[in-house]
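Trainee: Given these sequences and hints, build the entire structure.
Chains as they are written, first to last, in full-length UniProt numbering: chain B, 1 to 265; chain P, 1 to 265; chain E, 1 to 265; chain G, 1 to 265.
Note that these hints are calculated values from the structure, not bench results.
The beta-carbon is built from N, C-alpha and C at its ideal position, and this holds for glycine as well.
You may find that some hints are simply not true.
[Claimed, not checked] Computed footprint of chain G on chain P; a stretch qualifies when at least three of its residues, placed anywhere within it, have a C-beta under 8 Å from a C-beta of chain G: (1) 11-22; (2) 82-91.
[Stated by the list, open to error] One side only, chain B facing chain P, incomplete, derived with CB under 8 Å: (3) Val42; (4) Thr48; (5) Ser50; (6) Glu56; (7) Ala61; (8) Asp64; (9) Leu85; (10) Gly96; (11) Leu174.
Protein chains: 4
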Amino acid sequence: MTPEFPTSLGTSTADEIRLLGQDLTADLMGEVGFGELAFWLVAMRRPTPSETRLFEAVLVALADHGFTPTAIAARLTYLSAPDSLQGALAAGLLGGGSRFLGVTEDCGSYLHDVVEGTDELPTDDDGYDALALAAVRRTKEAGRYVPGLGHPVHKERDPRTPVLMRIAHEEGLLGPHLRLFAAIGRVHPEVLGRSLPLNGAGVCGAALADLGLPVEMLRGFALLARAAGLLGQIAEEQRRPIGMDAYLTVDRNAVYVDPAPTEED
Amino acid sequence: MTPEFPTSLGTSTADEIRLLGQDLTADLMGEVGFGELAFWLVAMRRPTPSETRLFEAVLVALADHGFTPTAIAARLTYLSAPDSLQGALAAGLLGGGSRFLGVTEDCGSYLHDVVEGTDELPTDDDGYDALALAAVRRTKEAGRYVPGLGHPVHKERDPRTPVLMRIAHEEGLLGPHLRLFAAIGRVHPEVLGRSLPLNGAGVCGAALADLGLPVEMLRGFALLARAAGLLGQIAEEQRRPIGMDAYLTVDRNAVYVDPAPTEED
Amino acid sequence: MTPEFPTSLGTSTADEIRLLGQDLTADLMGEVGFGELAFWLVAMRRPTPSETRLFEAVLVALADHGFTPTAIAARLTYLSAPDSLQGALAAGLLGGGSRFLGVTEDCGSYLHDVVEGTDELPTDDDGYDALALAAVRRTKEAGRYVPGLGHPVHKERDPRTPVLMRIAHEEGLLGPHLRLFAAIGRVHPEVLGRSLPLNGAGVCGAALADLGLPVEMLRGFALLARAAGLLGQIAEEQRRPIGMDAYLTVDRNAVYVDPAPTEED
Amino acid sequence: MTPEFPTSLGTSTADEIRLLGQDLTADLMGEVGFGELAFWLVAMRRPTPSETRLFEAVLVALADHGFTPTAIAARLTYLSAPDSLQGALAAGLLGGGSRFLGVTEDCGSYLHDVVEGTDELPTDDDGYDALALAAVRRTKEAGRYVPGLGHPVHKERDPRTPVLMRIAHEEGLLGPHLRLFAAIGRVHPEVLGRSLPLNGAGVCGAALADLGLPVEMLRGFALLARAAGLLGQIAEEQRRPIGMDAYLTVDRNAVYVDPAPTEED
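Mentor: Encoded structure:
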């Protein structure tokens with residue numbers, strides 16, 4: 001016997017398309033924005049206008065960072081396989097893993113663990129400072145790093161950080177994750193012996209967590225944002241390609257080397 | 001010598017992140033919506049509020065259609081490889097090819113070819129009817145099908161079609177592609193001998209073309225929309241999985257058959 | 001200044017193609033088998049005929065397991081996007097992650113850690129039994145599972161296990177990983193309180209480790225094997241498709257359910 | 001009612017695993033090579049030893065071509081997402097599309113169409129020359145190119161071509177596709193006005209077609225071959241990474257340019 005396949009997302013009949021318990025054509029199209037819908041599809045509730053503004057600011061912050069490894073991979077794939085735009089987009093997204101895209105989810109997760117692990121949330125900045133100090137100490141003692149501290153390019157200050165904090169404040173959405181992350185920004189020099197900027201992509205993770213989005217899906221939102229950026233990269237590759245030059249630059253500077261002794265098993 | 005890699009998208013320095021000639025943090029975050037940015041990244045211009053409304057209505061229309069092959073593939077991939085959310089998303093998007101996602105771009109392309117191929121655009125519905133009639137006749141005589149006519153489920157009327165036409169009209173964006181498609185809807189029975197509904201995903205293609213978006217990127221917008229839908233599917237798979245049941249339903253009903261003689265080379 | 005890009009793999013000039021320090025056309029084509037080459041490309045040395053036999057037995061063992069989630073995903077993707085065979089293959093491979101493909105690498109890694117962590121390898125089965133017993137105990141006390149014990153279908157004995165052990169023995173390649181895994185098979189009931197079969201895919205991991213292949217690449221070999229299997233699945237989908245039935249079975253048995261209270265954030 | 005899902009590939013029970021109508025463990029593992037199995041999985045028959053030698057020579061010829069766009073994309077993806085080897089492999093394979101990997105299938109298809117379109121195959125080289133001359137003329141008059149003629153690097157002679165022809169001859173497998181391609185090599189200067197080498201990857205397509213493999217799967221074999229090459233690239237990236245340098249070379253030479261007037265829609 002075939003099982004049933006339950007879903008709270010979409011179903012359709014001959015006359016009607018329903019999504020999230022709504023009539024797609026009557027209730028959603030032209031009435032609900034794409035960012036709102038993306039939020040709703042994961043969180044299973046419609047975001048408020050304030051939440052939408054902060055959420056979309058996060059997506060805008062994460063959409064494109066120029067010639068990242070993922071953008072270059074997408075453009076190389078499009079060069080080789082212009083027959084499949086979905087292949088080029090997928091190839092770019094496949095780079096959205098732990099190393100370059102991970103800080104958003106790692107930071108959100110880290111903050112979430114601390115927030116969930118405390119019996120009573122602080123009520124003021126001093127309280128958050130204390131909570132942050134304890135967390136940073138624990139992490140350091142465990143021989144690990146606090147995700148979201150530092151940035152390879154923005155060594156003094158990540159320009160995205162104060163803007164996200166401001167938008168969250170404007171919208172009344174400065175919640176425990178963002179407040180804790182700000183506190184980490186204040187207190188960490190005491191433990192680590194040096195001062196690092198709060199990574200903007202990490203603030204994005206904190207904001208998404210404060211929006212109540214599940215931490216297991218934070219990487220997904222970074223990927224959605226990056227999908228828009230990659231479409232821009234692919235469109236540009238169609239107009240003004242760099243994929244061939246990128247490929248030839250590597251290929252023409254290739255040098256054959258004998259395998260090192262340790263490479264030979 | 002290393003070539004230069006020109007881009008009109010994003011660059012960053014230690015203090016500033018620029019995107020599309022703007023300051024990301026001062027001009028875009030919290031000021032420009034995610035849908036607006038996605039449009040801008042491909043079209044290389046910021047959409048007007050009217051254009052944004054129509055554009056986002058298209059994305060909302062295309063985001064999720066329940067248990068499509070792509071949604072099921074994404075959920076099966078997440079089942080097997082929960083270690084890689086980007087893999088599950090990519091696997092889902094890789095199904096965004098000619099068969100199930102193609103009508104948006106095929107329709108947009110078809111209409112664009114007709115529109116571009118005419119010396120003078122019609123000025124009223126009668127003119128569009130004539131242009132449509134000629135196009136449908138040519139296509140039939142060439143032994144091909146007009147993309148965007150008919151739908152496997154919505155056999156009488158696709159509920160998305162009138163809503164998109166209405167939104168386009170409300171926003172003053174009912175351009176030649178949409179008008180031509182509506183005309184095709186009126187005149188095709190004369191040529192084909194039967195009456196078919198205008199496919200809503202096809203209307204999406206017409207709308208995107210009337211928004212001035214490049215026809216070579218229409219598939220990309222369907223993929224962006226679907227990315228949001230797939231995140232919803234993956235999030236649901238985390239909460240209420242169906243992947244295992246889908247897999248076992250096929251596996252348990254597998255039947256070994258000898259290869260047919262024609263299968264043996 | 002452009003950096004150099006060193007490689008020990010392939011380079012070519014106008015007249016010659018070199019791979020792994022050899023002339024591709026004079027030394028490799030028609031002289032070295034595909035399995036041999038795959039081994040060589042990762043291990044940076046040519047395998048002996050004995051090693052090749054065991055290595056290819058592993059690949060054959062892992063190539064196809066019928067309608068796995070990965071095979072179904074590949075066929076659904078091919079259904080939706082027949083325009084891109086590489087997309088269907090990639091989608092299938094993307095399911096090659098931790099849950100269903102992981103036992104080969106998890107087992108190989110586990111055994112490797114034990115083997116590397118002992119000062120002096122045992123010289124007989126009694127010695128391996130002792131090493132195994134200690135390892136299984138440690139793992140149990142840490143609250144973790146020994147990878148490679150048990151199989152969801154082959155509850156008594158995995159038919160692949162004795163055959164791989166035999167081939168390894170025939171070829172003089174029964175090394176510490178395989179011997180340790182066999183010992184785990186003997187002693188684990190004492191610790192776990194029940195008797196589980198040695199998973200054939202786990203034995204594959206042990207064999208690959210005894211072949212000296214890097215543990216960080218074990219998943220890669222399972223993926224290479226699976227690539228051949230997926231080509232078979234895609235070819236069958238071309239001849240005798242099941243993708244549409246698999247999709248419709250899920251879609252037609254979809255049931256809309258209100259989100260559970262816990263799902264609403 | 002659930003449909004049945006017929007397959008001629010693999011099924012398994014608690015005690016037995018069957019593949020292609022054989023017992024996997026008794027008949028295949030250690031008895032059938034990986035290349036043989038890959039052939040069998042698609043062609044639905046076991047290749048002879050001669051066929052296996054030619055088939056594996058083709059795979060070896062196609063496996064790795066140094067720093068191709070696909071290899072670079074795989075290494076960039078591994079750099080960004082070392083957590084997912086399957087993602088890096090998939091990203092590399094996604095570049096296996098029309099532009100760089102297409103010549104094998106395009107050539108095989110082209111030759112197959114000519115061979116299938118002739119009532120009676122030639123019996124000697126003169127006959128093949130005549131068939132080839134007619135085909136090249138038709139193609140030129142249709143404004144199209146003969147696939148498999150020419151190579152961007154091997155401008156005089158592709159070193160793979162004579163070796164594949166020789167191996168096919170040695171194995172008694174020089175069939176109509178290979179003979180026709182050789183004839184095209186002889187006669188095309190008469191039609192095209194210049195002399196081009198036969199592309200080795202094109203010869204691979206001819207050989208696969210002469211092996212009776214379905215033309216719709218030729219791209220799949222190039223992908224299988226490339227999967228082995230990509231594993232080598234990923235393993236090398238683990239040992240001696242170039243991904244970061246490749247990425248930074250592009251990123252550091254990025255130049256912002258205003259969108260050209262034609263780029264603004």
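Trainee: Give a verdict on every hint.
Mentor: Evaluated hints:
1. Counting residues of the stretch 11-22 of chain P whose CB falls under 8 Å from any CB of chain G gives 3; the rule of at least 3 is met.
2. Proximity of the stretch 82-91 of chain P to chain G, defined as three or more residues with a beta carbon under 8 Å from a beta carbon of that chain, is established by the 5 residues found.
3. Taking 8 Å as the C-beta contact cut-off toward chain P, the hint placing Val42/B at the interface holds, the least distance being around 4 Å.
4. Here the hint on Thr48/B is broken, as its CB sits about 15 Å from the closest CB of chain P, past 8 Å.
5. Checking Ser50/B against chain P: minimum C-beta separation of about 11 Å lies over 8 Å; hint violated.
6. Checking Glu56/B against chain P: minimum C-beta separation of about 4 Å stays under 8 Å; hint holds.
7. Annotation: interface hint on Ala61/B holds; nearest CB of chain P at approximately 5 Å, less than 8 Å.
8. The closest approach between the C-beta of Asp64/B and any C-beta of chain P is roughly 5 Å, which is under the 8 Å cut-off, so the hint is satisfied.
9. Because the beta carbon of Leu85/B sits about 5 Å from the nearest beta carbon in chain P, less than 8 Å, this interface hint is met.
10. Given hint, Gly96/B at the interface with chain P, holds; its Cβ is 4 Å from that chain's nearest Cβ, closer than 8 Å.
11. Of the supplied interface hints, the one on Leu174/B is violated, with its beta-carbon coming no nearer than about 14 Å to a beta-carbon of chain P, more than 8 Å.
Violated hints for the displayed structure, listed by number in ascending order: 4, 5, 11.
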